[in-house]
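There are 2 protein chains.
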Amino acid sequence: MNGAKSLVKTLLNAGVDTCFSNPGTSEMHFVAALDQIPGMHCVLGLQENIVTGMADGYFRIAGKPACTLLHCGPGLSNGLANLHNARRAYSGMVNIVGDQATYHRPLDAPLTADTEALARTASSWVRTSSRAQDVGRDAAVAVQAACTAGQIATLILPSDTSWDEGGIVAEPLTVPQPAGVDPSVVEHAASALRSSKNVLILLGGRRVSLDIQAVAWRIAQTCGAALMTDYTTAQVARGRGRVQLERVPYGIDAAVEKLRRFEHIVLVGVKPPVGFFAYPGKPAFKYQEQAQLHLLARPDQNSLAALESLADALSVGSVPIPDPGERPEPASGAPTPEGLARTLAALMPEEAIVADESVSYGRGFYPHTYAAPAHDWLHTVGGAIGNGMPLATGAAIGAGKQRRVINLQADGSGMYTLQSLWTQAREQLPVTTIILNNNKYNILIGEYKGVGAEPGPTAMSMLDLSNPGLSWVHLANGMGVEAQRATTMEQCADLMASSYSRAGPFLIELMI
Amino acid sequence: MNGAKSLVKTLLNAGVDTCFSNPGTSEMHFVAALDQIPGMHCVLGLQENIVTGMADGYFRIAGKPACTLLHCGPGLSNGLANLHNARRAYSGMVNIVGDQATYHRPLDAPLTADTEALARTASSWVRTSSRAQDVGRDAAVAVQAACTAGQIATLILPSDTSWDEGGIVAEPLTVPQPAGVDPSVVEHAASALRSSKNVLILLGGRRVSLDIQAVAWRIAQTCGAALMTDYTTAQVARGRGRVQLERVPYGIDAAVEKLRRFEHIVLVGVKPPVGFFAYPGKPAFKYQEQAQLHLLARPDQNSLAALESLADALSVGSVPIPDPGERPEPASGAPTPEGLARTLAALMPEEAIVADESVSYGRGFYPHTYAAPAHDWLHTVGGAIGNGMPLATGAAIGAGKQRRVINLQADGSGMYTLQSLWTQAREQLPVTTIILNNNKYNILIGEYKGVGAEPGPTAMSMLDLSNPGLSWVHLANGMGVEAQRATTMEQCADLMASSYSRAGPFLIELMI
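Going line by line, the protein sequences match chains A and B. When you line the first sequence up against numbering that gives the first Met the number 0, it's residues 0 to 511, in that order. When you line the second sequence up against numbering that gives the first Met the number 0, it's residues 0 to 511, in that order.
No wet-lab data here; the hints were simulated from the structure. Check each hint, because a few of them may be wrong.
For chains that are exact copies, the list does not tell them apart, and a pair is met inside one copy or across any two.
[Unchecked claim] List of simulated lysine to any residue pairs, SDA-like, C-alpha gap at most 25 Å: (1) K439 / E481; (2) K270 / K281; (3) K400 / G468; (4) K439 / H473; (5) K400 / S500; (6) K448 / D163; (7) K8 / E453; (8) K448 / I36; (9) K439 / Q427; (10) K281 / T101.
Based on the sequences and whatever the hints tell you, model everything.
Now the structure itself:
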């Protein structure tokens with residue numbers, strides 16, 4: 000068997016059964032192996048940032064890595080921004096990157112690039128196989144790496160390692176358990192919770208599940224501590240039956256104001272919160288620099304086990320999660336952020352997935368959606384725009400098309416990866432995209448004003464998207480996705496509701 | 000003055016007056032400086048691969064570098080594939096990449112990445128300024144690098160180097176002259192041309208101008224040598240009054256067949272031609288390995304001067320460039336590659352620019368367009384797809400909107416950077432895009448068959464684009480570009496002709 004076949008069999012053995020791909024010439028033997036060996040669901044993306052973003056969304060919902068298939072250094076380059084986002088979200092995946100044959104590389108053919116250097120910028124694990132015999136073994140190690148704390152693993156395969164005979168299928172490798180929690184850290188945190196009323200328990204990292212929330216809530220309520228989730232959390236279980244978690248604000252001023260009073264911060268699966276950017280004369284940290292930080296669990300540790308140890312140390316009893324009250328009614332009139340959030344909560348089906356790249360418009364969505372049915376909310380945490388649409392697409396596949404995905408999507412960011420819509424149509428995925436069309440990079444206009452001036456014509460030529468205005472209805476139709484424009488919340492609500500009863504995708508262009 | 004203002008003034012002083020941009024928060028002080036200091040034409044692209052591809056097209060036609068403005072490591076990542084293409088085309092540009100403030104970088108905020116490592120993969124020159132005082136000086140060196148043999152220069156600016164006071168405007172630096180030609184190489188090539196009838200003069204590199212062709216033609220005709228241009232040539236002066244140059248084929252079998260007889264190859268501005276990829280059991284080189292290579296001019300040397308020295312050594316006289324014969328008539332009936340090429344030649348306006356990413360469909364366009372009016376033909380040489388549409392957009396700006404740009408664009412590659420159409424509408428650029436819609440990655444289906452099998456359903460799920468079919472008319476309309484579909488050559492000809500009389504862009508979706 001050739002190297003490519005040993006690769007496919009090794010991946011399938013290890014439970015990797017979904018391949019997001021955009022192949023090229025150097026991957027043709029892998030494509031042939033996928034064709035000949037049944038078991039891999041292959042999903043085409045029309046540009047590589049769609050491919051890697053889909054693998055991110057898939058991991059978050061399926062809870063296991065997919066593989067991607069990318070073409071040489073430039074193909075990998077195209078997918079790096081969403082690899083960056085996936086890395087920040089702790090979403091594991093195995094990237095298979097085809098490359099020049101070992102003996103062709105020295106000739107510096109046009110597509111030759113420093114593929115390893117590119118891979119290293121966004122991967123925790125990188126290896127280039129050097130012969131067909133090694134491909135199976137290397138793939139097994141790649142899957143192990145991807146399953147360990149959600150790492151990006153990139154395996155580079157020179158084309159002769161795919162087509163040469165001698166491939167050996169490798170057995171799956173054991174995934175190491177996360178490191179245990181240090182009892183002295185637990186005791187230190189418990190002591191802070193016993194002695195101070197200004198303690199924040201901050202949840203974050205890959206996934207703030209109901210289990211994690213429930214234990215954290217018991218601790219917080221018993222000790223009088225505050226409980227929040229970080230702005231950079233990848234996935235939060237939300238809605239009825241879950242804790243009404245507040246999110247640390249994005250903006251440095253609002254965040255500092257919110258976290259000012261805390262003398263202790265217990266970090267659960269999350270790093271200390273800092274500003275996305277520095278600003279002249281403003282603090283870099285979102286918390287008081289004098290605050291004591293208790294790193295109860297690193298992102299690669301078991302947050303739930305750590306919280307349970309803490310609850311035991313504090314002997315906290317059972318505390319029910321409060322009811323969020325009445326489900327809101329859909330909003331009417333002109334679109335507003337609050338109205339959209341309320342309408343979302345009013346109409347959302349059970350177990351929906353929200354893929355949120357609403358950027359500036361969506362910062363206040365949380366409080367109005369506590370009384371929605373139980374759902375999962377996915378954030379784009381790495382800050383590289385163009386994450387939302389591929390994330391929604393991959394999440395729908397990760398859920399086996401059994402859950403509705405609602406993509407709250409800013410227009411400027413959406414234009415980065417609009418090709419996602421085509422894959423949604425091809426795979427008939429249950430995704431409702433709500434484009435927030437304001438015809439501008441609104442977040443940047445806000446940032447520009449922070450510089451101390453109103454933007455003039457040259458600045459606006461780089462911040463405004465209204466000349467010409469984008470028609471997302473046309474763009475969606477061009478890729479086989481039905482779409483309609485809404486200018487009122489009533490129209491938006493009608494379109495939302497009808498989209499939820501469809502099997503396939505639908506796009507609502509909400510003029511805000 | 001702050002660092003950002005010193006940057007803008009230094010760039011303008013050095014003649015860099017066009018900025019292709021997609022800024023973010025860390026670039027806001029640069030945007031403000033551009034707003035406050037007149038003289039820079041700022042052109043927004045909706046994704047960074049559009050931005051870098053436009054800078055490539057601009058350089059090829061304007062003959063001088065533009066700057067780009069990119070946001071942090073991920074923004075640079077998005078533009079890397081077209082930086083790869085630009086590097087292979089010897090298109091100089093100055094990338095300005097904003098990044099985390101020097102003191103914020105250690106905090107590993109979400110957008111933090113190894114920006115220098117990313118830049119190095121596609122740049123010849125990389126520098127990170129460390130204080131406002133250095134920004135002007137560093138920018139002057141970056142422009143010098145970009146002007147020297149068409150290098151990619153990337154200047155990374157931590158945001159505090161932009162906003163801090165102390166900026167110093169730098170004077171432009173002298174651009175070094177290309178290295179002279181080695182007389183012994185000239186003599187060696189002359190000796191081969193005198194003694195052998197199996198000599199190929201191969202022209203290539205950044206630009207095969209009329210001047211270069213005319214001297215090469217005199218030499219070839221006088222000595223009985225063959226004259227061709229390489230497949231990887233970035234820009235070829237073509238049409239009436241120019242030499243009817245044949246292009247080295249893309250495919251390894253056809254190329255080997257074509258170059259088999261040559262015992263000597265005189266390389267003018269071009270590297271030895273090798274296959275884009277290796278294939279099992281096939282040669283890696285397009286020429287006979289026994290052939291003697293004469294590197295008359297490296298890509299960074301002066302090809303014209305080298306050829307003139309060779310002509311002098313051979314004492315060749317004047318030889319007129321032959322007339323290409325009658326201009327073809329537009330084709331009729333079903334679209335064919337030959338029919339499209341003939342129609343193109345029949346209707347093309349004087350001094351048009353062809354931006355060619357026709358991939359497999361366009362490999363035979365050359366012979367049918369020799370009798371077109373004088374024009375420049377731009378190839379995408381780095382092999383990273385998604386080059387054509389940004390190249391066309393930037394070329395139109397590089398020509399000051401004074402020349403018609405015709406973008407021959409494969410559909411699969413076009414989907415990589417379709418956002419280019421929006422910039423064409425915004426800037427009202429005279430670009431006619433002809434989408435070759437075959438609803439598949441046809442080149443890859445050919446490559447797959449080379450593996451030795453017909454693609455089955457899984458393979459076709461990664462090679463076919465017909466489910467759903469793309470509507471480029473809708474896509475173009477969504478970005479403010481008028482468009483129409485053509486299914487016959489008559490319709491295509493009518494749409495071409497009417498598009499040429501417009502001031503702005505138009506898209507023809509040719510169903511092939």
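With 25 Å as the alpha-carbon cut-off, assign the pair K439 and H473 to within, between, both or neither. Both: 18 Å inside a copy, 22 Å across copies.
My question is about K281 and T101: at a cut-off of 25 Å on alpha-carbon distance, are they close within one copy, between copies, both, or neither? between (51 Å within a copy, 14 Å between copies)
Given identical chains, is K448 near I36, meaning Cα to Cα at most 25 Å, within a copy, between copies, both, or neither? Between copies only: 18 Å across chains, 57 Å inside a chain, cut-off 25 Å.
My question is about K400 and G468: at a cut-off of 25 Å on alpha-carbon distance, are they close within one copy, between copies, both, or neither? Between copies only: 22 Å across chains, 33 Å inside a chain, cut-off 25 Å.
At most 25 Å between CA atoms: does that hold for K439 and E481 within a copy, between copies, both, or neither? Classified as both: same-chain Cα gap 24 Å, cross-chain 22 Å, threshold 25 Å.
25 Å Cα threshold - placement of E453 relative to K8: between (59 Å within a copy, 21 Å between copies)
At 25 Å max between alpha carbons, let me know whether K270 reaches K281 within a copy, between copies, both or neither. Classified as within: same-chain Cα gap 20 Å, cross-chain 53 Å, threshold 25 Å.
For K448 vs D163, is the C-alpha pair at or below 25 Å within one copy, between two copies, both, or neither? Cα proximity of K448 and D163: across copies only (17 Å, versus 59 Å in one copy).
Cα distance capped at 25 Å. Does K400 pair with S500 within a copy, between copies, both, or neither? Result: close within a single copy only, 13 Å intra versus 49 Å inter.
Is it within a copy, between copies, both, or neither that the alpha carbon of K439 lies no farther than 25 Å from that of Q427? For K439 and Q427, only the inter-copy Cα distance (19 Å) is at most 25 Å; the intra-copy one is 30 Å.
Going through the hint list in order, the structure satisfies each hint without exception.
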